[in-house]
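J.: The primary structure of each chain is shown beneath.
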Amino acid sequence: MAAPFSKTDDSVVVIIGTGAGGGTLANELAQKGISVVALEAGGRYLPEDYVNDEWASFAQLAWLDTRRSDGSFRLARDFAGLPSWIVKAVGGTTTHWAGASLRFQDHEWKALTNYGRVEGASLLDWPLDAAEMDPWYTLAEAKMGVTRTNGQPGLPGNTNFLVLEKGAKAVGYKEVHTGRMAINSIEYGGRQACQQTGFCFQGCKWGAKWSTAYTEIPLGEETGNLEVRERCHAARIEHDDKGRVTGVVYFDASGVEQRQAARIVCVAGNTIESPRLLLNSASSMFPDGLANSSGQVGRNYMRHVTGSVYSIFERPVRMWRGTTMAGIMQDEARHDPSRGFVGGYELETLSLGLPFMAAFLDPGAWGREFTSAIDGYENMAGMWIVGEDMPQETNRVTVDTAVVDQFGLPTPVVHYDDHPNDVAMRDHAYERGIAIHRAAGAVRSLPTPPYPSTHNIGTNRMSDNPRDGVVNRWGQTHDIPNLFVSDGSQFTTGAAENPTLTIVALAIRQADHIAREMGAGNL
Amino acid sequence: MKLSLPALAFAGLTAAAPVPAQEAPPDAARLEAMTCREFLALDAAGQATVKAAMQAHASGEPPPGAPLPAPPAGGAASARVVEDRTGAAEGPDTAATEMAAAPGGAAAPGVAGGQNESGKVAPGGTEASVTDEGGDLRLLAMRTSCEGGPDALALNALRAAFGNSL
Chain W
0 MAAPFSKTDD SVVVIIGTGA GGGTLANELA QKGISVVALE AGGRYLPEDY
50 VNDEWASFAQ LAWLDTRRSD GSFRLARDFA GLPSWIVKAV GGTTTHWAGA
100 SLRFQDHEWK ALTNYGRVEG ASLLDWPLDA AEMDPWYTLA EAKMGVTRTN
150 GQPGLPGNTN FLVLEKGAKA VGYKEVHTGR MAINSIEYGG RQACQQTGFC
200 FQGCKWGAKW STAYTEIPLG EETGNLEVRE RCHAARIEHD DKGRVTGVVY
250 FDASGVEQRQ AARIVCVAGN TIESPRLLLN SASSMFPDGL ANSSGQVGRN
300 YMRHVTGSVY SIFERPVRMW RGTTMAGIMQ DEARHDPSRG FVGGYELETL
350 SLGLPFMAAF LDPGAWGREF TSAIDGYENM AGMWIVGEDM PQETNRVTVD
400 TAVVDQFGLP TPVVHYDDHP NDVAMRDHAY ERGIAIHRAA GAVRSLPTPP
450 YPSTHNIGTN RMSDNPRDGV VNRWGQTHDI PNLFVSDGSQ FTTGAAENPT
500 LTIVALAIRQ ADHIAREMGA GNL
Chain U
0 MKLSLPALAF AGLTAAAPVP AQEAPPDAAR LEAMTCREFL ALDAAGQATV
50 KAAMQAHASG EPPPGAPLPA PPAGGAASAR VVEDRTGAAE GPDTAATEMA
100 AAPGGAAAPG VAGGQNESGK VAPGGTEASV TDEGGDLRLL AMRTSCEGGP
150 DALALNALRA AFGNSL
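Residue numbers (numbering that gives the first Met the number 0), protein chains in the order written: chain W, 0 to 522; chain U, 0 to 165.
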């Protein structure tokens, strides 16, 4: 049941975004009896609405507002208007994500300490560590029903996994399994088990994959303490003359400007929209944008070292059957500089449908070599590289005041250049991925360039020293005590793991902190 | 001659697997308490027997009759089963041929791809076709569900392998 709050009610917590961070935070606060208004730019789609058709689903869910890719990475050429593939809907990108739920490795919380200074990179230690995060990870895994935790069995492997497993073990790898996935392997949380029908990226028709759209959000709404306003696009955050935020101006579903008063504002619009909102909220008191006294808002954009290896076998694989991300190989996730780079990477099976394969295998390619690869689709197996990319201050989100969106707001520009460490890691991963597939009998391998990323992290990084980042150890901005960041943009460094589990764990922890501080009268 | 994975597993296990001291009677409580670690420690035939018994138990049907295997005396069988299943002992070409053939969904002669023994349509990614070599891909799915999660209940791994098709 929605709880309509008055727009002048300045006792509410306003959360912008309802994905892994915002959706989780909204429910956690609502469960604690705190009044929450969540502003969501997209509409509400539930399993019965999802479409098992890649392009139709993309049109339904993807964030397609004006954006621009910039920099030397190939995406700026291949997808100039689509730097990332994220979702504009209630539930955010948790409708689209694959479900991989891996904890950071211990050393990754302290990248600067463990890797040392890397030229051209702005490495920094998180203010947190594995021991502090352990209980929050445990809560997140239980909430999400992560397989191979809390007694949940693993998902069964599909053919794509069996190929990965066969090849990986043949070349000597040991840590290969069907993953820790926030996809029900058995009935859990009132949701049924995965039926292995694929199309995980298009929204799970079974509701087996955890998404805030049909877990956290309705649970929060049931308390009567959460109101989700759909198709409401946040335009700017306002503040008083003491520098405390007081409300959020947004455009409602009819395009009419509205204002919601707030006691606390939590920004969770994903790594591109969150810094954009802070920058677009510039005022005479904060001429460079909110929470930006350090100049760090928008900087250190990370997207993980990605890339794929698709290989063609003599006989059918039919990788599209079953979970889209059906297995993970973790042996290369360690930090081992002898490989020629710092940090590590995961290899995760991945399948694209034929329409997306044609679009992403080698964008712009044509001729016999390309068409023969597409001809081999049925016999294809695939894997995706997910590695830790180096934070760089020059990789950043800025706003272009000359190009405005449908609301007249300056649009984001995403600049990204690969760091040499990223290039070395990707090359290593391509070589190992090909070796794995060859060991399983591949007759032709196709290293594939990065897609528009769903892993968007950094840009409002967490730091102990206000000079180095935007938020403190609680996601609270250094400059404004009642302004929080609650999504992946608060990541200090990216680690090698898919980010959602960590975003959820941080959101649960942040909710606990906010409730405690509110109770103590400090917020 | 092309050997199936189960055949290779049996060939490898004949000498390696410990001889069970005695066959235990079917036991619903044991099935419900069995962990993935215990399941994976059984030899291939034992896993198939347990899987069949669990399938019947989970479906509320009478047990199939075959006695449950006794737990193995040591952990050697477990490692060997895993190794044989993944084909680490095989040449890459053999492994690749089998891997690309069996689970890929190519229907075995006389068996419709995507259907299990009872004729139910199987989840697409883990087709339960009985291959021409007699392999049971539901069993394979149950094993992959168990691996890496030794403390999960084997009965839950069975449920994961079958989705809602039990």
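There's no promise every hint is true.
Here are the simulated SDA-like pairs of lysine to any residue, each with C-alpha atoms no more than 25 Å apart in a straight line [said to hold, decoys possible]: (1) LYS173/W to PRO149/U; (2) LYS173/W to PRO71/U; (3) LYS173/W to THR34/U; (4) LYS142/W to ASN279/W; (5) LYS142/W to PRO71/U; (6) LYS109/W to PRO149/U; (7) LYS173/W to PRO63/U; (8) LYS31/W to GLY520/W; (9) LYS173/W to GLU37/U; (10) LYS142/W to PRO149/U; (11) LYS241/W to GLU47/W; (12) LYS6/W to VAL248/W; (13) LYS173/W to ASN163/U; (14) LYS142/W to ASN163/U; (15) LYS204/W to ASN163/U; (16) LYS173/W to GLY520/W.
The following residues of chain U were derived to be distant from chain W, with all beta-carbon distances above 12 Å [to be verified]: (17) ALA51; (18) PRO61; (19) PRO66; (20) GLU146; (21) LEU152.
Covered stretches of chain W, going by a simulated chain U footprint (3 or more residues, C-beta under 8 Å) [claimed, not checked]: (22) 142–152; (23) 264–270.
No wet-lab data here; the hints were simulated from the structure.
A virtual CB, placed ideally from N, CA and C, is assigned to each residue, including glycine.
J.: Determine which of the earlier numbered hints do not hold for this structure and return their numbers in increasing order.
T.: When the structure is compared with the hints, numbers 4, 5, 6, 7, 11, 13, 16, 20, 21, 23 turn out to be violated.
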